[in-house]
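Asker: As they're listed, the protein sequences go chains A and B. Letter by letter, the first sequence follows residues 1 to 283 in the working numbering. Letter by letter, the second sequence follows residues 1 to 416 in the working numbering.
The set of hints was computed from the structure by calculation and includes no laboratory data. Each hint should be verified, as a subset may be incorrect.
[To be verified] Mimicking DMTMM-like on lysine to aspartate or glutamate, the simulated pairs with C-alpha atoms at most 25 Å apart in a straight line are: (1) K302/B / E76/B; (2) K350/B / D112/B; (3) K196/B / D104/B; (4) K3/B / E165/A; (5) K3/B / D71/A; (6) K39/B / E165/A; (7) K39/B / D104/B; (8) K39/B / E148/A; (9) K302/B / D104/B; (10) K303/B / E222/B; (11) K302/B / E318/B; (12) K196/B / D157/B.
[As the list claims (entries may be wrong)] Footprint (simulated), chain B over chain A, 3 or more residues, beta carbon under 8 Å: (13) 4 to 15; (14) 160 to 169; (15) 172 to 186.
Because the structure is a prediction, the values reported are computed rather than measured. C-beta atoms are modelled at their ideal positions from N, C-alpha and C, and glycine is treated no differently.
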Amino acid sequence: MLTFLVPYGAVVRNLHYWSAQFLIITACVHLIRVVFTGAYAPPRRFNYLLGLALLVIALFLDFTGYVLRWDEGIRWALVAGTNLVKSIPWLGPALYGVLIGGGKLGAATLTRFYAWHIFGLVLVMIILLTWHIFRVRRDGGIAVPPPELRQDNTRITRFELVRREVLAMILATVVLLLVAAFIPAPLAPPMKESSSMTADARAPWFFLWVQQMLKIGDPFLFGVLVPLCVLTILAIIPYLLPRPAPVELGKWFPKGNLIAQILVATISLFILGLTILALFPAQ
Amino acid sequence: MRKLSVLASIVLFLAVLITFWAAQRGPKPVELIPTLTGKPEYCLTCHADLPEISPAHPINAFGCIICHGGEPLALEADLAHSTMRGGRNPSDLVVVEASCGGTDCHSGPLEDQRDHIHRILTSVQSTYAGAIANIRYTFGAQPDLIARLGISAVQDDLIVTSTGIPSLAAFDPTQETSAAVQSFGGNCLNCHLSAKPGEDSAYARLAGCAACHTPTAGTNLESPIHQLTTSIPYTQCNTCHNRGNYDLRSLTFVPRQDTPTSRFEAYYQPIAQFVRCEWTLDCIDCHTRTEAMGDGDIHSSKKEIQYIQCRTCHGTIEELPQIQRVSGLDDLAIRLAFLNRNATETWNLKSGDIILVARQGEPLWNTRLLPDGSYELFGKATGQIFPFRPVKGSSCQQKADEQGSQFCHACHQEKR
Chain A
1 MLTFLVPYGA VVRNLHYWSA QFLIITACVH LIRVVFTGAY APPRRFNYLL GLALLVIALF
61 LDFTGYVLRW DEGIRWALVA GTNLVKSIPW LGPALYGVLI GGGKLGAATL TRFYAWHIFG
121 LVLVMIILLT WHIFRVRRDG GIAVPPPELR QDNTRITRFE LVRREVLAMI LATVVLLLVA
181 AFIPAPLAPP MKESSSMTAD ARAPWFFLWV QQMLKIGDPF LFGVLVPLCV LTILAIIPYL
241 LPRPAPVELG KWFPKGNLIA QILVATISLF ILGLTILALF PAQ
Chain B
1 MRKLSVLASI VLFLAVLITF WAAQRGPKPV ELIPTLTGKP EYCLTCHADL PEISPAHPIN
61 AFGCIICHGG EPLALEADLA HSTMRGGRNP SDLVVVEASC GGTDCHSGPL EDQRDHIHRI
121 LTSVQSTYAG AIANIRYTFG AQPDLIARLG ISAVQDDLIV TSTGIPSLAA FDPTQETSAA
181 VQSFGGNCLN CHLSAKPGED SAYARLAGCA ACHTPTAGTN LESPIHQLTT SIPYTQCNTC
241 HNRGNYDLRS LTFVPRQDTP TSRFEAYYQP IAQFVRCEWT LDCIDCHTRT EAMGDGDIHS
301 SKKEIQYIQC RTCHGTIEEL PQIQRVSGLD DLAIRLAFLN RNATETWNLK SGDIILVARQ
361 GEPLWNTRLL PDGSYELFGK ATGQIFPFRP VKGSSCQQKA DEQGSQFCHA CHQEKR
């Protein structure tokens, strides 16, 4: 509908799609950068948690957006993804009902996911995002050593800051526009009530690592607990693990938080490895 | 830094231009908003070369989607075609209700004679019930000739004739104990409306409504034929009928080996007798829509709904054929004449005309009583006019109560 009927609908749809994909990548790279420069150290511990929450919301936004295509391609992800929720003991079935709008997947699920995508998730996202950016200013901007330990105490003006930010924004827009102009967002034939699972039973790329783990065993353990563990480990880094020395703040690979760096690198490689395994299954 | 910002802005401007250019570059959709649906369709972007399917289904009213399904706004062929009903043939009986049905179309009320789909699903053309019942009876699988099984399970809630039966279960040859019935199931189920046609181009027909209403005879079925017609030529009937015989010993179908070069030879039943009108007219000139498509009841034999006889048009030595006056534009006769491509100009049936009528009251709209007491018949497929006379007042001496075709054939048989 949007792709051909609405003037430039295809461009808008492609932009929406590619922005969402790039957002996940950018957010992950941002997270890795923060850990590898020790930028989560106090006073930025709480903002680090806000950032993690934002990453989770972005993932859910991407997932709901993916499902809203409502075509044959998303069927597996919808069924498997929501079944994971159902596998949670005690809470699962109730949560499942709230999530999909009823006892089983159907027309109401589409409306429900739309509501999550447009209202539920976006509302929380806006609040947290504003808070996140507000905290960046409140915590003294980008992480740098305290003034007495700094060699160069010059700062850029606020005009210069805005200029740089706008420049980054323009560049991102250029890249997104060009990608959107030439690489169409995927769309498969519409979902049919009766049809069986398609051959291409695949999660969206950012959840491929979870899908790969599901092949190992118990869905609750590997589909819910392991991802939650990863999240918990990331969350406790600023609180329980050794921190970088103040002089190392904002510098790449500080010695002080080597353990955290190794931990995040391991998690990243773990997720990346599983994703690659899922993308190129051994025949 | 300022220069960099200007440069970035120029790059952004260029990117926007490129995006617009790329968006313009795509295919330009050709939009059609059919009056019946009011929703835009882009099918004509690629399919502008297809002829309109029939005057009764004008493209501006129907569009494509209402019959064919599919994705109306997709411009990639695979996506656009992904949800089409019945592939190239939406009239396939599996999907016919969704394609041709609906109370405003061909699943309309019985009183309006618009219940085409119910009639065809219950007719022997699609159930093949008579043949199945006969074979099962012959080989001891059932105690009488009343049909129990059809090609697909079907039921009829409103029985209007004395021979109608309430339902049929699906015929499954693998469930049969008799080897002969199994063999019949494997070899002989090729002449019903859902059957796959034989390989020769003389067998070329589609399934469902299109089996008869799309003139495919003699084509290779490769290129789609976008046509529906009520002017069905005998060649289309011959894609099933007159194609050979069933060998009752081996229970196989034996196709005819000869290649008919004239219309006279196209009639193929080695021992059959026939008279001139049986080969000069088209099948549908005599056999009515009810005979061909059923009367809405499930029957055990085609004989139960075959009722056109020689006397229907010619009468007997004692009485003239039954007639009726066409009354008003809503008369079924006028409606049927309207659907025939040739009839509007050549035949021009009007309210007030006197036409022949079959015993069950079905109007034979392609006949007409002339002022001099003779009759004429309009060839539905050819558009030709054939004059004919009643038996009464002629030198014929055939008894009025002996009207089977064998009696007429005795004198009027054509020599082969």
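Asker: Evaluate each hint against the coordinates.
Answerer: We went through each hint and held it up to the structure:
Distance restraint check for K302/B and E76/B: the Cα-Cα separation of roughly 46 Å exceeds the 25 Å cut-off, and the hinted pair is therefore not satisfied. Proximity of K350/B to D112/B is assessed by CA-CA distance (about 20 Å); at most 25 Å being required, the pair is judged to hold. Between K196/B and D104/B the alpha-carbon distance is near 30 Å, which puts this suggested pair outside the 25 Å criterion. Restraint check: the Cα-Cα separation between K3/B and E165/A comes to about 15 Å, which is no more than 25 Å; the hinted pair holds.
A distance of roughly 47 Å separates the Cα atoms of K3/B and D71/A; the hinted pair therefore is violated under the 25 Å criterion. In summary, the hint linking K39/B to E165/A is not supported, as the alpha carbons are separated by about 45 Å, beyond the 25 Å threshold. This hinted pair checks out: K39/B and D104/B have alpha carbons roughly 18 Å apart, not beyond 25 Å. Only pairs whose Cα atoms come within 25 Å are accepted, and K39/B paired with E148/A is rejected, the gap being roughly 70 Å.
With a C-alpha separation of about 29 Å, the suggested pairing of K302/B with D104/B is violated against the 25 Å cut-off. Distance restraint check for K303/B and E222/B: the Cα-Cα separation of roughly 35 Å exceeds the 25 Å cut-off, and the hinted pair is therefore not satisfied. With a C-alpha separation of about 29 Å, the suggested pairing of K302/B with E318/B is violated against the 25 Å cut-off. Distance hint between K196/B and D157/B is unfulfilled; the C-alpha atoms sit about 29 Å from each other, more than 25 Å.
Counting residues of the region 4 to 15 of chain A whose beta carbon lies closer than 8 Å to any beta carbon of chain B gives 5, which reaches the threshold of three, so the coverage claim holds. Counting residues of the region 160 to 169 of chain A whose beta-carbon sits less than 8 Å from any beta-carbon of chain B gives 4, enough to reach three: the coverage restraint holds. Figure legend: the region 172 to 186 of chain A, annotated as covered by chain B; annotation consistent (7 residues with Cβ-Cβ distances under 8 Å, at least 3 required).
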